[in-house]
Amino acid sequence: MQDAGLSIAFWLLAIASVGSALAVVLLRNVFRAALLLISCFFAIAGLFVTLGADFLAMVQILVYVGAIAILLLLGIMLTKEAMRGSPFSRWQVGAGIASVLLLISMIWVFNQTDWPKTNTEVALEPTTAAIGLKLLDMDAGFVLPFEIASILLLAAVIGAIVLVKEK
Amino acid sequence: MPDNRISLGQGILKGLALTIKHFISRPIITVQYPEERLVTSRRIRGCDLVWDSERCTACCTCAKSCPQGNIHIETKVRPDNTREAVVFEIDHGRSMFCGLCVESCPFDAIHMGRSYERATYNRDSLVIPKEKLVAQGDRQPSGYFRPQFEETLPPQSLLIYGGKSSEVKTPENPPPQSPATAAPVSEKKEPAEREKVGVK
Amino acid sequence: MDWLHWIIYVVIILAFVLTLVMSFILIERRVVGRFQLRLGPNRVGPQGILQPVADAVKILLKEDIIPSKVDRVVHLLAPIVTFAPAVLIFAVIPFQQAGNGLFFDLKSTASMVDLDVGVLFIFAISSISVVGLVMAGWASNNKYALLGAMRTIAQMVSYEIPMVLAVLGIVLIAGSLSLADIVDKQNIPFILLQPLGFFIYFLGATAEMNRSPFDLLEAESEIVAGVNIEYSGMKFAMFFLGEYAYALAVSTITSVLFLGGAKFPWGLLPQSFIWLLVKILLVFFVILWIRSTLPRVRVDQLMGFAWKFLLPLSLINLFLVAAEGMLPSGFTWPIVALNVTLAVALVVIWANRFYRVGGAKVA
Amino acid sequence: MAIGLQHYIILSAILFCIGLYGALAKRNAVIILMSIEIMLNASNVALVAFSRFIVPDLLTGQIFAIFVMTVAAAEVAVGLAIIIALYRQREKVDVGEIDLMKW
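Chains as they are written, first to last, in the working numbering: chain A, 1 to 167; chain B, 1001 to 1200; chain C, 2001 to 2363; chain D, 3001 to 3103.
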């Protein structure tokens, strides 16, 4: 029962995410592409839920939908580029062939690899506290990357301000 | 340079205190119109002109003075050589309530009314024939240019002084209009003292 | 039985949201009327309680106009995307805690799901409503709607940061993201432990739900009606209801996070959803009080207020909470006194600083 | 058939290739940013899937995903800033015509 529910959820979310990702790439209407990007983010948040990553799913919605997608929408509104649609470049065909080749090779590799034994029987537990402890654990944690990430964000904020500031 | 003594937040707190004070302690000044009515100014140039057929000599001064030509009078000579208005019609729909007819009447026969509700279903009913022009019921003359009536009218009630009254609703009966009380136009003058705003 | 639980809660939440939203509309009109020495609507039914019904009937019977050259799908989806998240938020609200209640006892917390990431869920879901407003603004093919949408984006993205940072203080004290846990931990209402956090959260939330004084999104005098300018009939009603549903959501979240949810203060009386309801109405009254006091913030002051006033204060607040967390437990009342003093001092000092450095002016 | 690691990583590969195609084949810079976001999301799916199916108690993949999100947020902020700066100069966000570095 649980498995069946998970399968249905996975397939629905997979179709939704792939479909909306394709639409983002193929649609000519930039604004609709951005909206479908949001639905793609949602589907991926749903995939995180099926993977038992509840914290990550919420952060996905909060960061991607609440911030990144909104910023992209703002970018679309600020540049009048949506009027011109979303044209393909000269390398459209080449890019398509390259992507498909990459996809085929990746799937081939995934099928060839002997993945370590998977045990999906592990109970789903709330991950928030575990992630927090892990991130800031001094011995085996990720304190240094965590701090570097904050510096990266600071640099991004300052960089964005400097780039956009009018003389 | 910004003022050093400035302290943000104080003004907001003052404003919040003021609004909550209003919320708690100030009376509501809304008038529930069809049930409650305010008493109009004693000198209102209201929309129902009142005509006194006994004092009218059908001289047509009012009709001539009307800038819009709203007053339509047809006269006839009586056996005693006085005139009588056979037709006396006022088109309220076109009136701008300037009051010139009232001011021009040499015999104090036409007065402004006190009503302010003039909505009708058709335009014809805005033309008022002489039978309906006389003072009756709530058609009563206002004190505009007629100080003799002004004394008898109830004082105005104003919202801003909390003068909303539930007891004053329908206007009282029109004051008696005997010729004795009506002063000749020549003697009439503006009341020396402006009337106090009516406070209940 | 699982299905029964879901169905019951769907019904409860829908009934709760819809009735309260309807009554909020009436309460707002009556209370604001009282603030302005007016009566407010009092004709339909006794004391006008049927006014929202009359409004709903009127708005449903109106013609549904879709302007030409709009992006039809997006135009029609926008009100739904705006309204739905407001209702979704209530999925994690604990209406009553487990244990003894005033009227009945509960074995488990009375919420649809008690998510372990409840607080995050609330903020994640409520950030979706911006998308709906942006969709409406863009798809309406109207420059005022677009301007309103751009303002919305700027406003919501800026105010979300101090708001979430302020609530992080609560999360630090409670040690949990689950709303039921947060309510459980509130032996004294967190507003006393976190006055500064409450201040920042409340201002941020007022901006998030586009209430006065931050209702620039629909500044009638500047951009006519903002994003919902081209909407009529049922679609407009969805926007309208969505706005009040957000007011309800914010009142509820404030009650749960800061005022102790369904608990009576200090546990003097048994807990009950009635206290939650009273608190919700109290918070909504404060929102209305602010609305009827303050004029609308100017658009150039808005961003500066979020970034230069609320954000630094919320960071200081977070730091203070973390520092207080190191103290041994048992100093509740000294900490309350300290926090209230610090909150007032910080707000006044920072407000002065803020004014000196040029106020809310953005370059 | 139970859903396993294979499913998730193949889905991730598909999403990644869609993003790659978009990033290579489009001319609008905003759309290219969106495609890059799709690629980052695809990698996140793979990371979380590995974390779930191979090392469920370590959560490493989830923490990696958080870092990826951080980087994505920074990237969008700077990328959009660049796009808007370019738009101010050239009134266009077409990457085919951004040839400032070409002499």
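Note that these hints are calculated values from the structure, not bench results. As the structure is a prediction and not an experimental result, all values here were calculated from the model. A few of these clues could be false.
Stated by the list, open to error - Just so you have them, the derived chain A footprint on chain D, three or more residues with Cβ under 8 Å:
id, region
1, 3010-3019
2, 3036-3046
3, 3049-3057
4, 3061-3071
5, 3074-3087
To be verified - Straight-line Cα separation of at most 30 Å, DSBU-like style, residue types lysine-lysine; simulated pairs:
id, chain 1, residue 1, chain 2, residue 2
6, C, Lys2185, A, Lys165
7, D, Lys3092, C, Lys2069
8, B, Lys1076, B, Lys1132
9, A, Lys165, A, Lys80
10, C, Lys2143, A, Lys80
11, C, Lys2185, A, Lys134
12, A, Lys165, C, Lys2308
Ideal Cβ positions, reconstructed from N, Cα and C, are used throughout, including at glycine.
Each hint tested on the structure:
Only residues whose beta carbon comes within less than 8 Å of a beta carbon in chain A count, and the region 3010-3019 of chain D has 9; three or more means the coverage holds. With 5 residues carrying a beta carbon less than 8 Å from a beta carbon of chain A, the region 3036-3046 of chain D meets the three-residue requirement, and the given coverage holds. Proximity of the region 3049-3057 of chain D to chain A, defined as three or more residues with a beta carbon under 8 Å from a beta carbon of that chain, is established by the 7 residues found. Chain A is given as covering the region 3061-3071 of chain D, and this holds because 8 residues of the stretch bring a CB closer than 8 Å to a CB of that chain, at least three being needed.
With a threshold of 8 Å between beta carbons, the proposed coverage of the region 3074-3087 of chain D by chain A holds, since 12 of its residues qualify and at least three are required. Between Lys2185/C and Lys165/A the alpha-carbon distance is near 46 Å, which puts this suggested pair outside the 30 Å criterion. Note on Lys3092/D and Lys2069/C: the hinted pairing holds, with a Cα-Cα distance of about 24 Å set against a maximum of 30 Å. At most 30 Å may separate the alpha-carbon atoms for a hinted pair to count; Lys1076/B and Lys1132/B meet this at roughly 20 Å.
With a CA separation close to 19 Å, the supplied pair Lys165/A and Lys80/A stays within the 30 Å bound. Proposed proximity of Lys2143/C and Lys80/A is supported: the alpha carbons are some 13 Å apart, at most 30 Å. Note on Lys2185/C and Lys134/A: the hinted pairing holds, with a Cα-Cα distance of about 25 Å set against a maximum of 30 Å. For the suggested pair Lys165/A and Lys2308/C, the alpha carbons sit about 17 Å apart, so the restraint of at most 30 Å is met.
Consistency with the previously given hints fails for number 6 only.
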